[in-house]
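J.: Fit chain to chain and form the complex, with the hints in mind.
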Amino acid sequence: MSILTFIVIGLVMGAVFGLALEKSRVFEPGMILGQMQLRNFIMLKVFLAATATGLVALAVMTAAGWTGLHLKAVQVLANVIGGLLLGAGITLAGACPGTVIAQIGAGYRDAWATLAGGLAGTLAFGYLQPDLEPIFTAAGPGKLSLADVLGLPFWGVALIAAALLIGGMVALERWRPWRGALGADFDGDLRGGPRSATSHLGGQGVPAE
Amino acid sequence: MLPKLTDKAWSPYLAGIVIGLLQIPAFLLIDTALGASSSYVKVAGHFAALFDGGVGAHPYFAKYMEASKYWWQLALVIGIGLGALASARLGGARRQAVSPVWAGALGSPSPVRRYAIAFAGGFILLFGARLAGGCTSGHGISGLAQLSLGSAIAVAAMFAGGIATALIAFRRI
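First to last, the protein sequences are chains W and V.
Following the working numbering, the residues of the first sequence are numbered contiguously, the last one being 209.
Following the working numbering, the residues of the second sequence are numbered contiguously, the last one being 382.
No lab work stands behind these hints, which were simulated from the structure alone.
Note that CB positions come from ideal geometry on N, CA and C, so glycine has one too.
The reader is advised that the hints may include incorrect statements.
Stated by the list, open to error - Quick partial rundown of chain V residues pointing at chain W, CB under 8 Å, derived from the structure:
| no. | residue |
| --- | --- |
| 1 | P221 |
| 2 | L259 |
| 3 | F260 |
| 4 | A266 |
| 5 | V286 |
| 6 | R323 |
Unchecked claim - To list a few chain W residues with every Cβ distance to chain V over 10 Å, as calculated:
| no. | residue |
| --- | --- |
| 7 | A63 |
| 8 | A78 |
| 9 | G121 |
| 10 | F136 |
| 11 | A139 |
| 12 | G151 |
| 13 | A163 |
| 14 | G167 |
The shape of chain V in the complex, shown without the other chains (with noise of 0.2 Å):
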């Protein structure tokens, strides 16, 4: 049976092929690799020039505010909002304004909780990211792919992290 775009869901396996095919128009149009914390860096830049006129020249935000595969990435991720957006209306599924296994792993139902640790985490999320370099993306999927040991030790450490952070935080679910 041929999966449809009208499904709920695919094998996770056929979608990481997918995943995994894009690494060519990366590598051969655009001669980088799948990432996505980069375009965090690019919008930060530019917004924060709003307020700081010096973060043109900041040794850090520059870089991403210019060159071109910044906003070949920032398109890969506005891109993945539409993807799934149309995705999830050919599906059918509908979602609630927050994932309902939030209210059991947080012991409460409580959205402001949610919302609170969801910046959070974000926050966490992006200047993790940034320190090691990479993200799932960046670090994992493409930096793996490419049997890269810097990516290998911080995908070892997203996941130490992760599970880490899963056994204090939250309750089981």
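Only chain W is shown next, with the shape it has when bound in the complex (with noise of 0.2 Å):
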């Protein structure tokens, strides 16, 4: 395939990301913010989702032949510390290295600042790789996944992670609908009081009084 090919099919998934993003409200920093501090659910449900999705489309594509896994190989120290600063970074940034993209295209300002931070820290880690390299890396277990240690055929236990993950997300929804964490202007900002925005769904309009 040439370039244009891939630059032409990434723009097109990159926008179905996008509105699949911004209409699930995920991108906002009022949501991510308040995932981490453990009061909106948000963030947690389409992550899930997306996992359990993921699972079961990767059982199908890999029980068919059609495609492999791409797995990272296990660095623990790497992964721990990294881990630890990526996360850091959500919280004070209110995004993570993709949202911060839909922010931009949703008009907020400030994500530019993330965006230009996120570029900076991209260049100092990609100068000091060379010497972090041999402090991070040790000689691991390599690409290992769950079902590689469990001896089970992937598709196997994929599917049964993806029914726990839909079980999860069952009693999550239970414990905190996901209409009551929108807020009145969708951004995850209930301090207005928890207004459901279910009016602003369609369906039933506001009574008249």
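T.: As structure tokens, this is what we get:
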């Protein structure tokens, strides 16, 4: 495929991704910070639904022999330290590397500062990487999935994991219904009182007084 | 009731399913998993090349500047911005320059403070993602969908770091 084809496929897939991030409101800083403050669970719900769907899709695609997995090698120290920094950055920025671009698209100006910081952080990491690699890279187990550890076929473990995630989502939704987490302006800001946004979602309009 | 492009909000489960289904074209057409943070290495590398002629041979940057799949991922990330722009316009959502939640979380309405924290947060965000080998998409959505143990470690650390930072740095709103 030509590079142009890669770019066109990327733009189309990205537009769908951006639409889903915006419509779910998960791109809102108020949702992402709210998740880390454990008072808003929209981010976890999108994350679990995307993961469960991916598990089922990959179970089918690998069992059919259409594709193989693209696992990343286990590097405990880099995964832990990098993950901690990534999480701290998500909270401070109120964004992830993908959602910050959705924030720019939706009109948040401070997301440009997050993007600039992100590119600066990438430059810093890239130039330090040859020095960091010997510290963080150890002889580990390599690319490893839970299915390898259990000695079971990927598709079977993936479908069981997806079923467990679906059960978790059902419980999560009973505990914290998603409509109650939107906020009056759909930004996860509930300080004006947890006004349900149901009336904006169509169907039942606000009854006349 | 079917979801519409003009809705202000969709169910997070529907949106998650849409995102998860994007793994199908990612694996079958591009032979990779969904991700976002590698595209930052590509952009940073091409930017550095303006000042540093040796970056094209740099052991870290070179790979991201050459392989076709990083063109795909950069286009994906740009597409995210375009899709969010279209969705926000269709839904009629108007956003302020800075989300109102920050004044409450920071205890200060100062935009300068917010922009400074956004820059610092972005720096740590990508430094951490590159060190960990992926972000919320690559390790999170894609790694966990492959039952990757390294990704499970990174995602657990990500939530631990995020929750701890929220407790230390911000007011609960």
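J.: For the hint on F260 of chain V, just tell me whether its beta-carbon gets within less than 8 Å of chain W.
T.: Status violated, d = 10 Å.
J.: Would you say G121 of chain W is clear of chain V, with no C-beta pair closer than or equal to 10 Å?
T.: 4 Å, violated
J.: Would the stated hint for R323 of chain V survive a check requiring a Cβ distance to chain W of less than 8 Å?
T.: 6 Å, holds
J.: So, as I understand it, the hint says P221 of chain V touches chain W; can you test that by seeing if any CB pair is closer than 8 Å?
T.: OK, holds: P221 of chain V within 8 Å of chain W, min 4 Å.
J.: If I take the minimum Cβ distance from A163 of chain W to any residue of chain V, is it greater than 10 Å?
T.: 14 Å, holds
J.: Beyond 10 Å on every Cβ pair: is that true for A63 of chain W relative to chain V?
T.: At about 13 Å from chain V, A63 of chain W clears the 10 Å cut-off, so the statement holds.
J.: Classify the label on F136 of chain W as holds or violated, using whether its beta-carbon is more than 10 Å from each beta-carbon of chain V.
T.: 7 Å, violated
J.: Hint validation: V286 of chain V versus chain W, beta carbon distance must be below 8 Å. Holds or violated?
T.: With Cβ-Cβ at 5 Å, under 8 Å, it holds.
J.: Holds or violated: is the Cβ of L259 of chain V closer than 8 Å to a Cβ in chain W?
T.: 12 Å, violated
J.: Just want to verify: A139 of chain W was marked as not at the interface with chain V; is every Cβ pair farther apart than 10 Å?
T.: The assertion about A139 of chain W holds, with a minimum of 14 Å to chain V.
J.: Would you assess whether A78 of chain W, listed as outside the interface, keeps its beta-carbon beyond 10 Å of every beta-carbon in chain V?
T.: 5 Å, violated
J.: Interface hint check: A266 of chain V, Cβ to nearest Cβ on chain W, cutoff 8 Å. Holds or violated?
T.: 12 Å, violated
Of the numbered hints given earlier, the model fails hints 2, 3, 4, 8, 9, 10; all others are met.
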